[in-house]
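Number of protein chains: 4
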Amino acid sequence: MGRAIQARLADQGVDVIGWDRDTAAMQRAAERGMTIAAHPRAVADAADGTVISIITEDGGVRSIFRGKDGFLTGDVRGMLFIEMSTLQPMTGRELAPAVEAAGARLIDSPVLGTIPSARDGKLYAMVGGKAQDVDAARAVLEKLTRKIVHMGPNGAGYAMKLAANLGLAAFIQATAESLALGTREGLSIQQMIEVLGDAPTANGWFAAKKKLLLGEPDDITLDLKTLRKDMLSAVATGALSGTGMPLSAGVLTALSAAVAQGWGDKDIGELVRFFREHMGQKLD
Amino acid sequence: MGRAIQARLADQGVDVIGWDRDTAAMQRAAERGMTIAAHPRAVADAADGTVISIITEDGGVRSIFRGKDGFLTGDVRGMLFIEMSTLQPMTGRELAPAVEAAGARLIDSPVLGTIPSARDGKLYAMVGGKAQDVDAARAVLEKLTRKIVHMGPNGAGYAMKLAANLGLAAFIQATAESLALGTREGLSIQQMIEVLGDAPTANGWFAAKKKLLLGEPDDITLDLKTLRKDMLSAVATGALSGTGMPLSAGVLTALSAAVAQGWGDKDIGELVRFFREHMGQKLD
Amino acid sequence: MGRAIQARLADQGVDVIGWDRDTAAMQRAAERGMTIAAHPRAVADAADGTVISIITEDGGVRSIFRGKDGFLTGDVRGMLFIEMSTLQPMTGRELAPAVEAAGARLIDSPVLGTIPSARDGKLYAMVGGKAQDVDAARAVLEKLTRKIVHMGPNGAGYAMKLAANLGLAAFIQATAESLALGTREGLSIQQMIEVLGDAPTANGWFAAKKKLLLGEPDDITLDLKTLRKDMLSAVATGALSGTGMPLSAGVLTALSAAVAQGWGDKDIGELVRFFREHMGQKLD
Amino acid sequence: MGRAIQARLADQGVDVIGWDRDTAAMQRAAERGMTIAAHPRAVADAADGTVISIITEDGGVRSIFRGKDGFLTGDVRGMLFIEMSTLQPMTGRELAPAVEAAGARLIDSPVLGTIPSARDGKLYAMVGGKAQDVDAARAVLEKLTRKIVHMGPNGAGYAMKLAANLGLAAFIQATAESLALGTREGLSIQQMIEVLGDAPTANGWFAAKKKLLLGEPDDITLDLKTLRKDMLSAVATGALSGTGMPLSAGVLTALSAAVAQGWGDKDIGELVRFFREHMGQKLD
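Chains as they are written, first to last, in the numbering used here: chain A, 1 to 284; chain B, 1 to 284; chain C, 1 to 284; chain D, 1 to 284.
Isolated chain A (complex conformation):
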């Protein structure tokens, strides 16, 4: 996603200075015109006011802000940080005062959308932060998005993103349990997918993934280990705020098993096959 955002911004005439902890990925970005920085602090030093970050998990984000050579080790007075990762709300609430203490501003702005929609500037941004900071970010966010919704204070964007991904993970696991139920009763997967594609729960994700669900090769849009991390975050956030989430916990169990069995780098749609093949077996 980071690369697609850089490409989109470049198309829109923005010069991007960037850093990636994966050196090979950074090299490829350089070939596409990105100026490379030595570390996060160097990105912030060179930026003319706005820094976007998007990585996989909470620990990594803490580290690029507060770790060795992190953003906040330099002079960031007046800067605006647009944090686009999918994190726990408490991480946003914890980082914001540190950023403000350094004289800068932080919003969380995770997005809904695919790589192609990022390339076309059609993402959907769910933003948490102070209203004036969200307004300050609009000029940049509008180059990337079709819609910007201000959900509330810092962390509110992350909360919305976790809620949305919870729904996606649940839909995939529900499909897994439906197909496992049906195939053990002798139904064909192909017919089941045809019917489910016409059910009131049919949705855009299912339409886009039919091929994969039928066993054909397909692009990876999001991998299982990342979706599992999002569900771990959702369940932990729910537990900390006082609600037991029985469906989410069930989904997390299946995702954790898939990752533990070595399926973490596969597309999230492969959870359906994993569940059928690895989480049950007919009685004799």
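Fair warning: there could be bad hints in the mix.
As the list claims (entries may be wrong) - Derived DSSO-like pairs: lysine-lysine, alpha-carbon spacing no greater than 30 Å straight-line:
(1) Lys147/B <-> Lys210/A
(2) Lys68/B <-> Lys130/C
(3) Lys211/C <-> Lys147/D
(4) Lys282/D <-> Lys68/B
The hints are simulated quantities; they were obtained by calculation from the structure and are not laboratory data.
No experiment lies behind these values; they were computed from the predicted model shown.
Position chains B, C and D relative to chain A; hints supplied.
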């Protein structure tokens, strides 16, 4: 649903002779032109070859076939029974030989669709049974449906219906957990519903139920006690065929709690509010 | 267990005529003095009034009663069948009328206890059936048990056994989750087991299995595929009678995964290691 | 528990200076000889080297250390803090550096045991912290405990306590599901409790709570809202460290429902009755 089917068949020029265990409902059907029979056997006696049944649960269906004054207590040689309830596959597999031993034929043909789509003949039939029996049923089913899919032998239609309803129940409970997660982080329900309506999991059911989810009064399309019964059937069927279904079990827990708390007659969409109000609470 | 019961009965001076679908097992029993019958019916034909059965699952029991060469294919008038398997209550309620229609009587009498306790006549029998049939069985059951409890009508013994095994499976999975939780926080398994052995939940099973839990080889007292079958039965029974069982469903998920991954023949205590190794993984 | 610890220490000849956020409780402690302090800082100021804290949850503990008039707002150089609450490991790991930065030392030392065992100095301490700090705490801890186990660095004691309470909560919910399963099949609760009291999972907690489980009034040893908080902590800790815990999540669901329905102040054993009465219902 039974009433809508009767009305549709009447519109299509079919004389319907019927029976309902709810006397008041039967009286209303009589006012709309249905000839009333004294019991299931009298329906079969008076029918000219085809009998449709649709009621709520497995025990009731066994009883209208095999109980006192049930279909099979009369002479049903040559009859075709089209069973449209949402049942466990094993019920279909258990009834079929009894029907055949009586010289008649049975198919299971549960449907996807709403009351209005039944009135318009736009249901979606998922059929289990022998191919020739399914073919024999087409003339009648075509008056009611936009699509007829033959899923496999007796019970296969029920298996597909349970798989589809599992997905619907999971979607509702996922929405419940998403909204509980978000509102405890301070998000507004209205905004969350707006975002979820634009997510890759957005679907026809969600679009139709936005008003209800926002707390406005709405029609009941399916009640919680019936959806719970379907999930009990799905979990039992999965358990008997050898798969633990962690998501479905989580959904069933929430549905069972809602019914036990007296919400059984409310619309399935109300599970979202039930979960937020009755299944968790912020820590101090 | 079947072999231990035969040995105990032989010690008590009872001549046992038996059959086993595993020919090798039957041969070993013959070497220990059991008279071999060609099939279940031949057992009933040769018995002088009482037939004991104990096998793994519902389908098998239906088959030895009602299948080809099953008990009920012969003349069983006046016989008493003591069925000691761990089954679903509905199986007991379904078989009893068939046995009675053949002029015989049936009780379900599953037991708590280990192989050594069977050898010593120290089992604990939970019995379902008519009071007079239970009384008729006492002479035989007393040779095998330290206690006989009449739980209710046919199926009640099975219900109690499922309830007891549910607790055992839950304890093992709770131990699995405790140890996974602790070891990911850096605790040593050895110390955790020491503390848990002193906690208010410490019990006889845990004391007997400490070695296994610490990774040392140990005898198999019950295998994972059998405990999984019992949990499938418990969850199906609960679903059919109207309760969602969230803990049991979670346990079943772990057991199903273990069996699907090839751990079905290992001791039930190995679920603890399976869960730690195959159902989760630290985040980066 | 705090009061029992104060009483025990007083019996052992220790002068206790204390503070409680519940003024009435503090007044009663004063009547029993405790010197009252105005706030946590005043406790630390007056103490001669060792401060014990035990309260309900993570936020409260953070507040008595770092909040207004908290321990760390005074001069605590050289002090040893023995924190005995049941918290998340991350809370211990987060507080320790703050305490050390103030020149003091912190260990976490939650305990297993009841009010009477505290009065008799028979608690079981699970300790996290540096070895020399644990050694420094022994003189005080030995007055309260029958055993002290050093589990690892800061937070390790909390991790062990959560793992132990997870097992207790699981046992109670398993009992709830067993009794719900059995009673819906017609068994009597009294007989089921008799059998379960003789099963391999029978334990000290069950023996102590038989009266309560049979519906008789009994003392409250731990309340449902506190056990729920512990399970929220366990599930959140597991989620943050990368494991989905299906059984724990199921238990948490039942506990959360009980608290949301107003049962939070009842004894944890009442979860069994709550589940039977409020989480399921027979089908018609």
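Evaluated hints:
A distance of roughly 20 Å separates the Cα atoms of lysine 147/B and lysine 210/A; the hinted pair therefore holds under the 30 Å criterion. Distance restraint check for lysine 68/B and lysine 130/C: the Cα-Cα separation of roughly 27 Å lies within the 30 Å cut-off, and the hinted pair is therefore satisfied. A hinted pair counts as satisfied when its Cα atoms are at most 30 Å apart, and lysine 211/C with lysine 147/D qualifies at roughly 22 Å. At roughly 23 Å between alpha-carbon atoms, lysine 282/D and lysine 68/B fall within 30 Å of each other, so this suggested pair holds.
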